[in-house]
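Asker: Chains as they are written, first to last, in our numbering: chain A, 1 to 275; chain B, 1001 to 1288.
One thing to keep in mind: the hints can contain errors.
Unchecked claim - Below, computed lysine to aspartate or glutamate pairings styled on EDC-like, alpha-carbon distance capped at 16 angstroms:
#1 A:179 - B:1024
#2 B:1058 - B:1004
#3 A:179 - B:1004
#4 B:1266 - B:1219
#5 A:176 - B:1169
#6 A:176 - B:1031
#7 B:1222 - B:1093
As the list claims (entries may be wrong) - Covered stretches of chain A, as calculated for chain B (at least 3 residues, CB under 8 angstroms):
#8 206-212
#9 222-236
Calculated from the structure, these hints are not laboratory results. We treat Cβ as the ideally placed atom computed from N, Cα and C, and that holds for glycine.
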Amino acid sequence: MLRDITLGQYYPVDSVIHRLDPRVKIIAVFTWLVLIFFIRDFTGYIFVTAVLAVVTAVSRVPVRFMARGMRPILFILLFTFVINLITYPGTVLARLGPVTITDTGLQQAVFIAIRLILLIFGTSLLTYTTKPVGLTDGFEAILSPLSRIGVPSHEIAMMMSIALRFIPTLLSEADKTMKAQQARGADFESGGLIHRARSMMPLLIPLFVNAFRMAADLAMAMEARCYHGGKGRTRLHPMKFAARDYAACALLILFAVLVIVQSRGLLPIPQIWKL
Amino acid sequence: MKIEVQHLSCIYNRGTAGEVRALDDISFTIESGSFTGIIGHTGSGKSTLVQHLNGLMKPFSGKVLLGDTDIGASGVHMAEIRRRVGLVFQYPEYQLFEETVAEDIAFGPKNMGLDEQEQEDRVREAMATVGLDYAEFASRSPFELSGGQKRRVAIAGVIAMRPDVLILDEPAAGLDPAAHREMLRMISRFHQERGCTILLVSHNMDDVAEYCGQVLVMDQGKLLYSGTPREVFAHREELEAIGLGLPAGAELLHLMNQRGAEPGGKGALTDAEAAAAVLEWLGKQETC
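From just these sequences and the hints, can you work out the full model?
Answerer: Below, the structure is given as structure tokens:
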């Protein structure tokens, strides 16, 4: 069950996307996040989805694998969809007691759902194709100008990399603890909400205790290797821009311009189902 | 309770780049009331195998028969299977969670739906089995105990369900030599007194030679050998090739033979058997 959580994991294949400089990928993802919010109609969605599909195909991360990562957030997706569906005023399409579904509501619900899916697919592509070390180095490099005004960029990056590093560890720990408690007859799946929440205790308490234990061990191990923060640290793999990184930047700028121009209705193509 | 495993296979991360064949067409039988050892180096599939035996993992293909019950069949009552096959994981002390030792041990019996009196009886019995004094430990927090004591509490938590089969995944890992010996003696005592079928996953060849009537050797998801310790440890070179070895006693006799001394004692495995063989040889030397 917990093995199914693929969100935030690295998917080890070799592709152009995997080899891109992490800084480019991080900036691309942030640009992507902002651009998605510019879109006001379905033509825009079709365009960005096509681009995402191409990038995904190039990255060689199987869509099935990515879709599996969506499963944990399915509930949130469904929840926002339903809330949007029933809370907007407009022309009534259907009525069920006090609940009404309006045309704006339907449109809004579909819109937000697509937006969420695109946001998550886009960002997860970053973690699927970038090793945690690359991610951290990238973030540190991007944040480093801020260290002049007192932002502890190295420390933030290090905390991030440790957090990412421990996701699979904690997952496997949770999996193990869950099995051990199941072996003693624990039942995590049936019963009402309260009962279920209570039945999580045998899982959560050992997990917390172990997380603190691992944190203490890690701190000790880092100190034993003379870790003292970012000052004067050098890199094993200095990041360098290659030709493909410049090309990716150019494509990114082109993509951003296209999305913005399209969302303002400045392109000679119709805007389908405009909000 | 008899366990029969037929052509069991298991694949992790199917269809992705990280696909692993953790178990590959494994078949064996474990007789009721026997003491069986499972050896193999890290990652050979031992832990995956034992998780199939109490239904925590479902067979990808093949069958696991517990007595007459096929535990992969639909309609099988999983809670009952897990009660009958007690599984003690590696480092079980990390799974303690209750406020007191007694409550933690009672977790299994409670999940079985036993009444409070029965729960307490089970806790007392299990604590006695693992050698923890009820008056002293029952109301203490499991988190303030020593590592060895915590482990005994965790094992008591499984024993309290009165399983017919007890599987222990490296129960002595990380214990000091005295606690290690005590742990194995405790398991052996439990085996003799209750007639419980025991499966011991171990890295320690000496323990396997001393306590087990049957040994299964795993390598890369396959069952390499199965037989009595004497049969299995006859494959010295093959075992060394997969990162295992001989019990210390057998290794000593092997080295002596290699250097030209011939104490005989063919088939001796444990320290005691080796010592006897060497003494006999020395006696012979002195007489002639």
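Asker: Please verify whether residue 1266 (chain B) and residue 1219 (chain B) have alpha carbons no more than 16 angstroms apart.
Answerer: Distance of about 26 angstroms is beyond 16 angstroms: violated.
Asker: Are residue 179 (chain A) and residue 1004 (chain B) close enough, with their CA atoms no more than 16 angstroms apart?
Answerer: This hinted pair is violated, its Cα atoms lying about 22 angstroms apart.
Asker: Examine the stretch 206-212 of chain A for residues whose CB is less than 8 angstroms from any CB of chain B, and state whether their number is three or more.
Answerer: holds (count 3)
Asker: Checking one constraint from the list: CA of residue 176 (chain A) to CA of residue 1031 (chain B), max 16 angstroms. Satisfied?
Answerer: With a Cα-Cα distance of about 28 angstroms, the restraint between residue 176 (chain A) and residue 1031 (chain B) is violated, given a limit of 16 angstroms.
Asker: In terms of beta carbon proximity below 8 angstroms, does the stretch 222-236 of chain A have 3 or more residues touching chain B?
Answerer: violated (count 0)
Asker: Does residue 1093 (chain B) sit within 16 angstroms of residue 1222 (chain B), going by the straight-line distance between their CA atoms?
Answerer: 30 angstroms, violated
Asker: Against the 16 angstroms threshold, does the CA-CA distance of residue 176 (chain A) and residue 1169 (chain B) hold or violate the hint?
Answerer: 13 angstroms, holds
Asker: Are residue 179 (chain A) and residue 1024 (chain B) close enough, with their CA atoms no more than 16 angstroms apart?
Answerer: Distance ~22 angstroms between residue 179 (chain A) and residue 1024 (chain B) Cα, so the pair is violated.
Asker: Is the straight-line distance between the alpha-carbon of residue 1058 (chain B) and that of residue 1004 (chain B) 16 angstroms or less?
Answerer: 15 angstroms, holds
Hint check: violations occur at hints 1, 3, 4, 6, 7 and 9; the rest are consistent with the structure.
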